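*Asks:* Sequence:
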Amino acid sequence: MPDKIQRIKGTNDILPGETEKWQALERVIQTVMMRSAYSEIRTPIFEKTELFARGVGEDTDIVSKEMYSFEDKGGTSITLRPELTAPVVRSYIQNNLQQIAPTTKVWYHGPLFRQERPQKGRYRQFYQFGAETIGSPFPETDVETIGLYWEILTELGISDAVVLKINSVGDEASRETYRQVLREFLRPNLGEMSETSQRRFETNPLRILDSKDPGDKAMTDHAPKLVDYLNESSERHYKSVLELLSSLEIPYEQDDRLVRGLDYYTHTAFEFTSDVLGAQDAVCGGGRYDGLIEELGGGKVPAIGWASGTERLLLVMEALEKSQSLTGLDCYLAIPGDEQRPTATTLIREWRRAGLSCDTDLQRRSLKAQMREANRQNARFVVILGESERKNGSVQLKSMETGAQSEMSIAAALKMMLGQA
RNA sequence: GUGGGUGUAGCUCAGUUUGGUAGAGCGCCAGAUUGUGGCUCUGGUGGCCGUGGGUUCAAGUCCCAUCACUCACCCCA
Numbered sequence: 001m002p003d004k005i006q007r008i009k010g011t012n013d014i015l016p017g018e019t020e021k022w023q024a025l026e027r028v029i030q031t032v033m034m035r036s037a038y039s040e041i042r043t044p045i046f047e048k049t050e051l052f053a054r055g056v057g058e059d060t061d062i063v064s065k066e067m068y069s070f071e072d073k074g075g076t077s078i079t080l081r082p083e084l085t086a087p088v089v090r091s092y093i094q095n096n097l098q099q100i101a102p103t104t105k106v107w108y109h110g111p112l113f114r115q116e117r118p119q120k121g122r123y124r125q126f127y128q129f130g131a132e133t134i135g136s137p138f139p140e141t142d143v144e145t146i147g148l149y150w151e152i153l154t155e156l157g158i159s160d161a162v163v164l165k166i167n168s169v170g171d172e173a174s175r176e177t178y179r180q181v182l183r184e185f186l187r188p189n190l191g192e193m194s195e196t197s198q199r200r201f202e203t204n205p206l207r208i209l210d211s212k213d214p215g216d217k218a219m220t221d222h223a224p225k226l227v228d229y230l231n232e233s234s235e236r237h238y239k240s241v242l243e244l245l246s247s248l249e250i251p252y253e254q255d256d257r258l259v260r261g262l263d264y265y266t267h268t269a270f271e272f273t274s275d276v277l278g279a280q281d282a283v284c285g286g287g288r289y290d291g292l293i294e295e296l297g298g299g300k301v302p303a304i305g306w307a308s309g310t311e312r313l314l315l316v317m318e319a320l321e322k323s324q325s326l327t328g329l330d331c332y333l334a335i336p337g338d339e340q341r342p343t344a345t346t347l348i349r350e351w352r353r354a355g356l357s358c359d360t361d362l363q364r365r366s367l368k369a370q371m372r373e374a375n376r377q378n379a380r381f382v383v384i385l386g387e388s389e390r391k392n393g394s395v396q397l398k399s400m401e402t403g404a405q406s407e408m409s410i411a412a413a414l415k416m417m418l419g420q421a
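Under the numbering used here, think of the first position of the first sequence as 1, with each following residue one higher.
FYI, nobody ran anything at the bench for these hints, they're computed from the structure. Just so you know, these numbers come straight off a predicted model, no measurement behind them. A couple of the hints might just be wrong.
To be verified - FRET-style restraints, in silico, Cβ to Cβ:
#1 403 <-> 40: 44 to 52 Å
#2 223 <-> 326: 45 to 53 Å
#3 101 <-> 59: 31 to 39 Å
What the hints assert, rightly or not - Only pairs whose alpha carbons sit at most 27 Å apart, straight line, appear in this in silico DSSO-like list of lysine-lysine:
#4 165 <-> 212
#5 225 <-> 165
#6 120 <-> 322
#7 21 <-> 120
#8 300 <-> 239
#9 368 <-> 415
#10 48 <-> 9
#11 165 <-> 322
#12 65 <-> 9
Where a beta carbon is used, it is the ideal one built from N, C-alpha and C, also for glycine.
Input sequences plus hints: build the corresponding full structure.
*Replies:* What follows is the structure in structure tokens.
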């Protein structure tokens with residue numbers, strides 16, 4: 001016997017029973033996005049490696065160790081996308097979306113790839129849906145974007161299980177000032193810090209605040225706070241965002257250690273976390289990235305966005321028993337006797353065209369077995385087309401809910417099933 | 001890349017201590033007199049006990065190796 005071929009580590013088959021939950025979630029996402037005038041954008045699964053190197057940052061974990069990269073036959077370095085903000089921005093620039101309207105509002109949903117060790121809520125191929133609002137620097141845009149996710153959570157009935165953590169990393173000038181202050185603070189104890197933090201001391205000292213190393217944590221507990229070094233305009237922006245969130249009654253927690261792993265963030269940085277998720281507790285992350293578009297060769301265009309892990313959101317829904325997979329058939333057509341099968345073939349097509357979800361027996365099994373199958377599929381009605389019914393040009397219509405059954409014309413049965421009788 | 005845990009039926013798991021003919025529940029299939037679901041009852045299908053070595057008269061059980069899955073670290077959605 002040949003070996004069975006298995007899934008690649010960290011990937012998942014989303015099977016019947018699961019896909020219904022995904023689709024229900026996707027419907028909510030689409031509805032909320034449409035209401036808020038966000039349009040869907042679809043970009044390629046792979047991009048030039050350079051896009052992520054420049055867009056996400058060479059020093060980030062994503063780029064330095066997690067990318068699926070390879071050379072194609074022309075020698076171009078290709079990478080399976082590990083995140084979607086950079087590709088969306090690339091597309092925005094390449095297609096000159098700036099020329100179409102001053103504000104671009106887009107959303108997406110699709111697979112991403114990162115070669116990490118899998119664990120709960122973390123996979124090598126995983127899905128994110130997200131939104132990007134490009135072209136406005138104003139705080140109400142931050143709140144429009146964050147509020148969009150809040151609407152999805154509310155619509156799903158899980159906003160209580162999720163906490164919004166927010167911080168401001170300021171504009172470039174504020175951050176430069178703070179970086180100096182932070183370095184001065186940390187320098188005396190630099191030798192005692194974790195290896196990665198020592199490395200980041202030069203490259204990206206802000207990330208040290210994010211460290212989970214207990215020693216680092218103790219050391220940074222009394223570190224000066226970034227919020228205290230925001231310049232006036234940065235501070236005004238941040239205050240304004242917080243006020244608007246309050247006026248929308250979106251609860252938040254300020255978290256002055258929240259820095260986030262990607263290089264491109266400016267001003268607002270935020271994260272939605274949930275304690276039902278285990279160690280990987282972030283269900284959504286995002287922030288403002290006013291410098292990224294220019295960095296990738298576009299204009300000086302401000303933007304803000306977020307991305308939510310689809311599997312993680314489904315885990316939250318599962319934990320709160322808010323995910324729905326129940327599907328029901330309108331009609332199961334049962335056929336006791338193979339002579340009726342040709343008639344059944346045309347009947348079922350007609351009913352399907354009329355908009356009913358219908359199924360029938362493909363195993364040539366007994367009527368009893370067909371009834372069991374109808375029940376298993378949660379059918380509202382069973383139509384029985386037997387020998388005597390076929391002769392009369394009629395069918396038996398049975399309500400699986402009440403158990404009531406009667407013989408009637410085919411037309412009458414269709415009307416009943418459509419709810420028109 | 002590092003550490004812990006787990007691999008026995010489609011699924012959830014007993015059985016491993018003390019080696020002696022492979023188990024349960026759920027699911028699936030079929031039956032309980034006529035062409036009728038759910039509830040109940042009865043029967044059935046289904047496993048090279050992750051894989052390869054070793055010890056032994058005898059290994060799911062003991063030893064070694066290996067692979068897979070899983071959780072956690074790092075980091076992230």
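*Asks:* Run every hint past the structure and note whether it holds.
*Replies:* Status of each hint after checking the structure:
As the Cβ distance of residue 403 to residue 40 is approximately 45 Å, the hint placing it in 44 to 52 Å holds. Separated by about 51 Å at the C-beta atoms, residue 223 and residue 326 satisfy the suggested range of 45 to 53 Å. The supplied range of 31 to 39 Å is met by residue 101 and residue 59, whose beta-carbon atoms lie about 34 Å from each other. Proposed proximity of residue 165 and residue 212 is supported: the alpha carbons are some 17 Å apart, at most 27 Å.
Simply put, residue 225 and residue 165 have alpha-carbon atoms about 16 Å apart, close enough for the 27 Å limit, and the pair holds. Of the supplied pair hints, the one linking residue 120 and residue 322 holds, its CA atoms being roughly 19 Å apart against a limit of 27 Å. The straight-line distance between the Cα atoms of residue 21 and residue 120 is roughly 19 Å, inside the 27 Å bound, and the hint therefore holds. Of the pairs offered as hints, the one joining residue 300 and residue 239 holds, with about 24 Å between alpha carbons and a cut-off of 27 Å not exceeded.
Between the alpha carbons of residue 368 and residue 415 the distance comes to roughly 26 Å, so the proposed pair stays at or under 27 Å and holds. Between the alpha carbons of residue 48 and residue 9 the distance comes to roughly 24 Å, so the proposed pair stays at or under 27 Å and holds. For the hint linking residue 165 to residue 322, the alpha-carbon distance of about 23 Å falls within 27 Å, and the restraint holds. Simply put, residue 65 and residue 9 have alpha-carbon atoms about 17 Å apart, close enough for the 27 Å limit, and the pair holds.
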